[in-house]
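Engineer: Here's the letter readout for the chains.
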Amino acid sequence: KAGVTQTPRYLIKTRGQQVTLSCSPISGHRSVSWYQQTPGQGLQFLFEYFSETQRNKGNFPGRFSGRQFSNSRSEMNVSTLELGDSALYLCASSLQTSYTEAFFGQGTRLTVV
Amino acid sequence: AQKITQTQPGMFVQEKEAVTLDCTYDTSDPSYGLFWYKQPSSGEMIFLIYQGSYDQQNATEGRYSLNFQKARKSANLVISASQLGDSAMYFCAITIIQGAQKLVFGQGTRLTINP
Numbered sequence: 856k857a858g859v860t861q862t863p864r865y866l867i868k869t870r871g872q873q874v875t876l877s878c879s880p881i882s883g884h885r886s887v888s889w890y891q892q893t894p895g896q897g898l899q900f901l902f903e904y905f906s907e908t909q910r911n912k913g914n915f916p917g918r919f920s921g922r923q924f925s926n927s928r929s930e931m932n933v934s935t936l937e938l939g940d941s942a943l944y945l946c947a948s949s950l951q952t953s954y955t956e957a958f959f960g961q962g963t964r965l966t967v968v
Numbered sequence: 036a037q038k039i040t041q042t043q044p045g046m047f048v049q050e051k052e053a054v055t056l057d058c059t060y061d062t063s064d065p066s067y068g069l070f071w072y073k074q075p076s077s078g079e080m081i082f083l084i085y086q087g088s089y090d091q092q093n094a095t096e097g098r099y100s101l102n103f104q105k106a107r108k109s110a111n112l113v114i115s116a117s118q119l120g121d122s123a124m125y126f127c128a129i130t131i132i133q134g135a136q137k138l139v140f141g142q143g144t145r146l147t148i149n150p
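Protein chains in written order, with this note's numbering: chain A, 856 to 968; chain B, 36 to 150.
The set of hints was computed from the structure by calculation and includes no laboratory data.
Take these hints with a grain of salt, some might be off.
[What the hints assert, rightly or not] Not the full set, but computed from the structure, chain A residues with beta-carbon under 8 Å of chain B:
no., residue
1, Ser886
2, Gly897
3, Leu898
4, Phe900
5, Glu903
6, Asn911
7, Leu943
8, Ser949
9, Glu956
10, Gln961
11, Arg964
[To be verified] Beta-carbon label-pair distances, calculated as ranges:
no., chain 1, residue 1, chain 2, residue 2, range
12, B, Ser76, A, Ser925, 35 to 43 Å
13, B, Ser115, A, Gly858, 24 to 32 Å
14, A, Ser906, B, Ser115, 37 to 45 Å
15, A, Thr935, B, Arg107, 40 to 48 Å
16, B, Gln104, A, Gln896, 22 to 30 Å
17, A, Lys868, B, Gln104, 40 to 48 Å
18, B, Ser66, A, Gly858, 21 to 29 Å
19, B, Ala53, A, Ser882, 34 to 42 Å
20, B, Arg107, A, Thr869, 43 to 51 Å
21, B, Asp64, A, Thr908, 16 to 24 Å
22, B, Thr147, A, Ser934, 37 to 45 Å
23, B, Asn93, A, Glu937, 38 to 46 Å
Since the model is a prediction, treat every value here as computed from it, not as a measurement.
Each residue gets a CB set at the ideal place from its N, CA and C atoms; glycine is no exception.
Modelling step: build the complete structure from the supplied sequences, incorporating the hints.
Structural biologist: In structure tokens form, the structure reads like this:
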């Protein structure tokens, strides 16, 4: 079956712009979570959605937001981009419970110039 | 709060040797899950193995096994018969069972397999 799909794979934006990243989870998976990976901070949790509801949120400014649609696809948005937002953004999908494996997409590499 | 510590920033191993990647964790919650992921230079995170805190036996998946020592809060990954394609970053992660999927990752270990 198809894995987690993230689009686009690469993105270059200018400071001050906004960006929207998309994640389509594995069919049947209802939980989607987002992570930011940078060389300095490593992998950090952004937020998690389950059945269109945000269940958990990491320690990121309000410029980072997300949503989940009824088909479990999720988007994350970053407004007023800063140079420090340059990172690999990964999304993971998992089944209903937390006792299960989380499968990641290939990520979106965002560069802010 | 949960924490994962991976004390080996880098490891160099000869092909076909077994390798152990260290991971210790800290949590006060009795219900948790431990994961290992592989991240090649392409960037994608590849799921390797999962161990639940209540699982009685150590998890195994092909050449990967997890040496789970609950009392020591240790969850080391063992790769048997290493291959050149095993060269990558390896991350240990923990999730707490509280109704939300949130992984806390370690800093990772860069594994290099030499021919």
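Engineer: Which hints, by number, does the structure contradict?
Structural biologist: Of the numbered hints, all hold.
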